[in-house]
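Participant: Chain by chain, the residues:
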Amino acid sequence: MLEITGIHRGIVIDHIKAGLGYKIFKELKLQDVAYPTALIRNVHSNKLGKKDLIKIDNVIDLNLNVLGLIDPNLTITIIENGQVIEKKQIKLPETVVGILSCKNPRCITTTEHNVDTTFHLVNPQTKEYRCEFCNTRAKL
Amino acid sequence: MEEQEEIFTLADQIMANEGQYLDICRGKLLSTLFYEPSTRTRFSFEAAMLRLGGQVVGFSEPNSSSVSKGESIADTIRTVGCYADIAVIRHPKEGAPKLASKNANIPVINAGDGGHQHPTQTLTDLLTIRSLKKSINHQVIGLCGDLKFGRTAHSLVKALNKYENIRFIFISPIELTIPEYILEDLDPGSYTLTDNLDEVIDQLDILYMTRIQKERFFNEEEYLRLKGYYILTKDKLATAKEDMIVMHPLPRVDEICSDVDDDPRAVYFKQAKFGMYVRMALILKLLGGA
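Sequence lines, in order, name chains A and B.
The numbering used here puts the first residue of the first sequence at 36, with every later residue one more than the last.
The numbering used here puts the first residue of the second sequence at 114, with every later residue one more than the last.
Honestly, the hints are just simulated from the structure, not real lab data.
From the three backbone atoms N, C-alpha and C, an ideal C-beta is built for every residue, glycine too.
Wrong hints could be hidden among the right ones.
Claimed, not checked - Result set (BS3-like, lysine-lysine): computed pairs, CA atoms no more than 25 Å apart in a straight line:
no.	chain 1	residue 1	chain 2	residue 2
1	B	Lys247	A	Lys174
2	B	Lys386	A	Lys138
3	A	Lys61	A	Lys138
4	A	Lys174	B	Lys141
5	B	Lys347	A	Lys138
6	A	Lys162	B	Lys327
7	B	Lys398	A	Lys138
8	A	Lys85	A	Lys58
9	A	Lys174	A	Lys90
Said to hold, decoys possible - Here are the in silico distance ranges between beta carbons for each label pair:
no.	chain 1	residue 1	chain 2	residue 2	range
10	A	Thr146	B	Gly401	55 to 65 Å
11	B	Glu334	A	Lys138	18 to 28 Å
12	A	Ile134	B	Gln326	46 to 56 Å
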């Protein structure tokens with residue numbers, strides 16, 4: 036088994052659905068940072084079968100909204116002095132601007148330039164959003 | 114709802130005393146931005162503004178404007194806002210009026226956006242029902258024809274859902290059924306779906322016919338197959354209630370036979386006139402003149 040050492044002060048993003056770890060890694064721009072980071076893919080998980088995991092040896096600001104959109108089931112643990120000091124719950128954002136794209140080919144956002152797509156959460160259980168412009172539903 | 118009722122009350126006042134409003138918008142300019150052709154809606158808005166004493170500028174198809182040079186909606190509406198006091202926009206893309214209103218410094222009225230919504234047609238429809246049925250509450254309404262792309266139907270259902278004891282009967286072929294996102298806002302007990310007009314016509318207080326619109330189809334064959342799926346004839350009206358009203362947003366093609374026009378239940382031309390009055394009320398209200 037691959038061993039990645041523990042971190043003294045930093046963040047662990049765990050229970051990422053296998054395959055989405057790299058997307059989150061890129062979204063957080065971790066490929067460009069100077070401090071130690073680790074992306075571990077396809078780790079065995081009792082709950083998920085396989086999961087991805089990210090360790091960041093630094094405490095940084097995370098855009099929880101964006102992470103929630105990519106995988107609302109992941110968990111975030113903050114570590115200080117080698118101890119877990121906080122576990123953060125991910126929540127789906129009420130409004131998502133400029134991230135999702137509308138699947139409706141008749142929607143104005145598909146042709147007009149420089150328009151930020153805007154989606155509003157309509158059902159957190161089914162993870163459904165609705166386009167502010169054309170009302171088309173988008174499911175995560 | 115309250116705002117809507119204010120518009121209807123104002124429309125009532127205009128209809129009752131049109132002379133008082135002839136000059137009320139003098140010096141005001143309405144801009145009509147029609148990115149797709151619509152003689153009827155455009156005339157209705159223009160007539161409304163002119164009857165209020167205001168003036169109108171605009172384009173009736175994008176090829177005759179800077180839009181053909183690739184100008185964005187945001188830039189067009191910002192520019193128009195420098196000249197006009199209020200704008201009306203019709204666009205084939207859904208959500209275009211919303212985008213315009215987000216970038217405008219003047220009131221923007223949606224005159225129809227693709228298959229999405231057509232709110233002033235809805236105001237027209239509600240005013241027609243309110244005036245001819247005496248109340249918008251407690252009605253059984255059958256919407257018939259293209260309920261998938263028919264934006265007038267979408268907007269009307271959304272609006273009627275706010276009133277008391279409304280029962281919807283959606284009459285359409287399966288290919289043109291009402292979208293899920295409209296149904297999910299309704300109480301499941303308040304609507305039924307059918308493809309058979311004859312079986313339900315006797316239950317209706319209002320029959321709202323719609324046209325199968327060629328421009329909403331990507332495929333000509335599909336359009337030809339579904340066109341004329343429901344045609345209302347005088348014979349079909351035989352079992353309908355005496356006080357039922359037949360509405361249609363117009364223009365009709367062949368979904369209502371001309372022999373229905375003389376039936377007192379056919380109110381679609383009156384409906385067009387109500388449309389002008391409700392637009393007069395809306396313009397006046399948005400310009401702060403009411």
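Participant: Hint by hint, note whether the structure agrees.
Facilitator: Hint check results:
1. Lys247/B x Lys174/A: violated, 42 Å
2. Lys386/B x Lys138/A: Outside the cut-off at roughly 38 Å; violated.
3. Lys61/A x Lys138/A: It holds: about 24 Å lies between the C-alpha atoms, which stays within 25 Å.
4. Lys174/A x Lys141/B: violated, 45 Å
5. Lys347/B x Lys138/A: violated, 43 Å
6. Lys162/A x Lys327/B: violated, 35 Å
7. Lys398/B x Lys138/A: Outside the cut-off at roughly 36 Å; violated.
8. Lys85/A x Lys58/A: Holds - the C-alpha atoms of lysine 58/A and lysine 85/A are around 16 Å apart, at most 25 Å.
9. Lys174/A x Lys90/A: Violated. Lysine 174/A to lysine 90/A sits at ~29 Å, over the 25 Å cutoff.
10. Thr146/A x Gly401/B: 55 to 65 Å: With Cβ atoms ~34 Å apart, the hint is violated.
11. Glu334/B x Lys138/A: 18 to 28 Å: holds, 24 Å
12. Ile134/A x Gln326/B: 46 to 56 Å: Violated: the Cβ-Cβ distance is about 33 Å, outside 46 to 56 Å.
Of the hints listed earlier, those the structure fails to meet are numbers 1, 2, 4, 5, 6, 7, 9, 10 and 12, in rising order.
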